[in-house]
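Heads up: the sequence lines are chains A and B, in that order. Numbering-wise (UniProt numbering), the first sequence opens with residue 1 and increments by one. Numbering-wise (UniProt numbering), the second sequence opens with residue 1 and increments by one.
Just so you know, the hints here were simulated from the structure itself, not pulled from any lab data. Where a beta carbon is used, it is the ideal one built from N, C-alpha and C, also for glycine. Accuracy of the hints is not assured; some may be wrong.
Simulated crosslink set (DSSO-like; lysine-lysine; CA at most 30 Å straight-line) [to be verified]:
| no. | chain 1 | residue 1 | chain 2 | residue 2 |
| --- | --- | --- | --- | --- |
| 1 | A | 234 | A | 208 |
| 2 | A | 216 | A | 273 |
| 3 | B | 176 | A | 431 |
| 4 | A | 234 | A | 219 |
| 5 | A | 186 | A | 216 |
| 6 | B | 176 | A | 354 |
| 7 | A | 431 | B | 108 |
| 8 | A | 297 | A | 251 |
| 9 | A | 242 | A | 216 |
Taking beta-carbon pairs under 10 Å as the criterion, some of the chain A residues facing chain B (in silico) [said to hold, decoys possible]:
| no. | residue |
| --- | --- |
| 10 | 441 |
| 11 | 447 |
| 12 | 448 |
| 13 | 503 |
| 14 | 510 |
Covered, in the sense of this in silico footprint (three residues per stretch, anywhere, with C-beta under 8 Å from a C-beta of chain A), are these stretches of chain B [claimed, not checked]:
| no. | region |
| --- | --- |
| 15 | 33-44 |
| 16 | 151-159 |
In case you want the letters, here they are:
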Amino acid sequence: MASQVEFGQGELLEIDICDDGICSEEESGVFVNSGASYTDEFSEFHQWAPASKSGLSDITNLENNTICVSGAKPLVSSCTQIPNGTDSANCRKSVASVGSDYLEDEPRTMSRASIVDCLLIELYDTYSSNNRKSVDSLDSSTEASSSDAFFGRSNTGSNFLQELQEKHTKRLQINYLAQKESEELKWIIQEVNYRIAIQSAKLVRQLKRKDRLYNKVQKNCDIVTACLQAVSQKRRVDTRLKFTLEPSLGKNGFQQWYDALKAVARLPTGIPKEWRKRVWLTLADQYLHSISIDWEKTLRFAFNDRSNPDDDSLGIQIVKDLHRTGCSSYCGQEGEQDRVVLKRVLLAYARWNKAVGYCQGFNVLAALILEVTEGNEGDALKVMIYLIDKVLPDSYFANNLRALSVDMAVFRDLLRLKLPELSQHLHNLQKAANREGGGSYEPPLTNVFTMQWFLTMFATCLPHHTVLKIWDSVFFEGSEVLLRVALAIWAKLGERIEYCQSADEFYSTMGCLTQEMLEHDLIDSNELMQTLYSMAPFPFPQLAELREKYTYNITPFPAPVKPCSSQGGRGRDSDEEVDMDDEDSLVSALGCLGPIGGLLAPELQRYQKHLKDQRGEQSLRSSNIAELSPGPWGRGGPSTRPPSTA
Amino acid sequence: MEAIWIYQFRLIVIGDSTVGKSCLLRRFTEGKFTDISDPTVGVDFFARLVEIEPGKRIKLQLWDTAGQERFRSITRSYYRNSVGGLLVFDLTNRRSFEHLKDWLEEAKMHVQPFQIVFLLVGHKCDLIQLRQVSREEAEKVALAFGMKYIETSAKDTVNVEESFTVLTRDIYERVKRGEISIQEDWEGVKSGFVPNVVHSSEEAVKPGRRCPC
Chain A
1 MASQVEFGQG
11 ELLEIDICDD
21 GICSEEESGV
31 FVNSGASYTD
41 EFSEFHQWAP
51 ASKSGLSDIT
61 NLENNTICVS
71 GAKPLVSSCT
81 QIPNGTDSAN
91 CRKSVASVGS
101 DYLEDEPRTM
111 SRASIVDCLL
121 IELYDTYSSN
131 NRKSVDSLDS
141 STEASSSDAF
151 FGRSNTGSNF
161 LQELQEKHTK
171 RLQINYLAQK
181 ESEELKWIIQ
191 EVNYRIAIQS
201 AKLVRQLKRK
211 DRLYNKVQKN
221 CDIVTACLQA
231 VSQKRRVDTR
241 LKFTLEPSLG
251 KNGFQQWYDA
261 LKAVARLPTG
271 IPKEWRKRVW
281 LTLADQYLHS
291 ISIDWEKTLR
301 FAFNDRSNPD
311 DDSLGIQIVK
321 DLHRTGCSSY
331 CGQEGEQDRV
341 VLKRVLLAYA
351 RWNKAVGYCQ
361 GFNVLAALIL
371 EVTEGNEGDA
381 LKVMIYLIDK
391 VLPDSYFANN
401 LRALSVDMAV
411 FRDLLRLKLP
421 ELSQHLHNLQ
431 KAANREGGGS
441 YEPPLTNVFT
451 MQWFLTMFAT
461 CLPHHTVLKI
471 WDSVFFEGSE
481 VLLRVALAIW
491 AKLGERIEYC
501 QSADEFYSTM
511 GCLTQEMLEH
521 DLIDSNELMQ
531 TLYSMAPFPF
541 PQLAELREKY
551 TYNITPFPAP
561 VKPCSSQGGR
571 GRDSDEEVDM
581 DDEDSLVSAL
591 GCLGPIGGLL
601 APELQRYQKH
611 LKDQRGEQSL
621 RSSNIAELSP
631 GPWGRGGPST
641 RPPSTA
Chain B
1 MEAIWIYQFR
11 LIVIGDSTVG
21 KSCLLRRFTE
31 GKFTDISDPT
41 VGVDFFARLV
51 EIEPGKRIKL
61 QLWDTAGQER
71 FRSITRSYYR
81 NSVGGLLVFD
91 LTNRRSFEHL
101 KDWLEEAKMH
111 VQPFQIVFLL
121 VGHKCDLIQL
131 RQVSREEAEK
141 VALAFGMKYI
151 ETSAKDTVNV
161 EESFTVLTRD
171 IYERVKRGEI
181 SIQEDWEGVK
191 SGFVPNVVHS
201 SEEAVKPGRR
211 CPC
């Protein structure tokens, strides 16, 4: 990052950069030197900070700047000049000292007795400074920083300004100015006017630039739309397909976005990994919005580092489990921080949904979500809520895992329908192990595996990139995707299983196969996804009936089936303002469009050819491109709800 | 398939969550130990051969279960076909010791009409400082339950091998004495066989319903 900014002839050139839309951070950094701000009024400038902390792509910086310049009115009122080079260090130091102060005035490690308190100490005191930071980042002012571009000119005017900066209150500043000679005041005014002029010019350029980028986003979105329509069934509903990066405002905005992204998820490339976080969060936000949640309040409650009044009702088991839980992928000392964050998210979810609380296996889910949300706890909680409360069936993890047991039974029926030979073979093995009489009972052979697959949504069973694709699909198509994936896997393994002569042999064979699935790409992810999309129309025929049947069979008095609340079809309120985050993501997503926009067309051609080659090859893979387009289109047009999960 | 065995015993490992069931099994079957492992989701299974007497091998099919309460409705269906099990508690966690009775009752209820041979295992004996259950106390409980007691540590590899062989030998003796019989319709104990091959060990003399010797 440039350390010193020269004002003069060249200064306007600095912003005249990167008309092609790609710009490096160094370039943008020229006029966004970071510094520390000490006053709250200065928050407008926070957004001038380089966006690297927030993990957005380079181009976001530029857009950030553009937007904040418009808010840069209190030029003179509250900036402190800090020598370049030391500012960021100071800033870090001050953050650190805040952290340690915080630690020091919490000498409660020993005094607490309750098991909940012990957990809270473990989760919040060990890494409190870090926690601070991530909580801050929730309200989008990640870092205190300012542009010192204003202080670059060394003349008397800026000396005055500098002194003025050192007066921390308005009153002191007024006093300071009141003491000045009129000559000096003229200098100051001149200086201020000069700076305003420069910033205005920059602003104009940035706005123009923003316009250009915006048009580019539009153009690229249109390209994606065209590609999506090209691979669609080209029915009338498909012509209404329109791709946007974010749901547009208005009544059908969300549904339009949803349909388009669902179509993207069905492409062989799937959702680009750069979009995933934004896509998951948009879905989660929509859900939270639909149930009218005050998210800020929820966050404070869920991530409270003191015990909440009803924490004790969480039950000792949860707290005990959380103490010990971890994730095998976070190992060693370096993993300690990740483990603590993971546990905070798990506790937060348990506080949010006491009926479900903590279930063994959640650590796997939360770890994967945290990875996608780049370690942001609040975002991870959102996604977790959306996944467990909305996407997966009720009682999947609670209530003695009843819905899970239902799905395991439903799955065996589907297996019988789709893979009758394998199903029969497994049945024979079970029966042989079971023989009538004696009251002995060998549980259905598939259970051990499907249980684990469903509970961790394949996160522990398949390679990472495949798992993410499956999760994308689950988010858009609903929980039936889990059943489809399981069917596709058994179909693939079938041949090797048919060699097994006994239940024991089946289990040991499966021991090897599960290893191969996880470590050796036994299951090709593209093939898997294609199989699951093409095996049956969406929603899976008879699935709802089967689920209902087994729900009623398992207990005589089942809870009423969850009504399918409308998730789609509801756009954002039009009075909702487009805030910084939305702008950021718009542009960061644009960054990803570059490769995609170009790659998509040839990729699609290849895909279509691939499909042509395969056509008529297999029964499970009907492979008609038409069947790969999202199901709801065929049924009720774009306003159809996404598949209900009830 | 793999090596020849004279019997196969199906064993189940039960006990509260986080007492170290999976670690014990992993140490026994893979020789590995990790400080942090993912909690067991549902049930998991392992297998290992043990040599009980020179030339006499027994295949152990080991079922690991999730300790969390809510999994019990699912894991209990795996009791039935087990001939024995490790009843594990954490020496540093008194509560897990107090829950032993519940575990045993649950297991006995679901294994009916068969019997199930248990070994009581006090795990994590390496954590001497944190110990909350004394050996005497545990032995007393084991006596009351009518089972043997052993203290283990998967971390320091203390008594891991022994715990499984003690249980295996115990079951083996009972099978020999005819207290446990091999039944065609029960997976708990199976006489040795190699798939697709005629019984090949000397034990292939079909073990009678009563006593194989």
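Right, here's what the structure says about each hint:
{"no.": "1", "hint": "234/A to 208/A", "result": "violated, 37 Å"}
{"no.": "2", "hint": "216/A to 273/A", "result": "holds, 21 Å"}
{"no.": "3", "hint": "176/B to 431/A", "result": "holds, 27 Å"}
{"no.": "4", "hint": "234/A to 219/A", "result": "holds, 21 Å"}
{"no.": "5", "hint": "186/A to 216/A", "result": "violated, 45 Å"}
{"no.": "6", "hint": "176/B to 354/A", "result": "violated, 51 Å"}
{"no.": "7", "hint": "431/A to 108/B", "result": "holds, 24 Å"}
{"no.": "8", "hint": "297/A to 251/A", "result": "holds, 27 Å"}
{"no.": "9", "hint": "242/A to 216/A", "result": "holds, 16 Å"}
{"no.": "10", "hint": "441", "result": "holds, 5 Å"}
{"no.": "11", "hint": "447", "result": "holds, 8 Å"}
{"no.": "12", "hint": "448", "result": "holds, 5 Å"}
{"no.": "13", "hint": "503", "result": "holds, 7 Å"}
{"no.": "14", "hint": "510", "result": "holds, 9 Å"}
{"no.": "15", "hint": "33-44", "result": "holds (count 11)"}
{"no.": "16", "hint": "151-159", "result": "violated (count 0)"}
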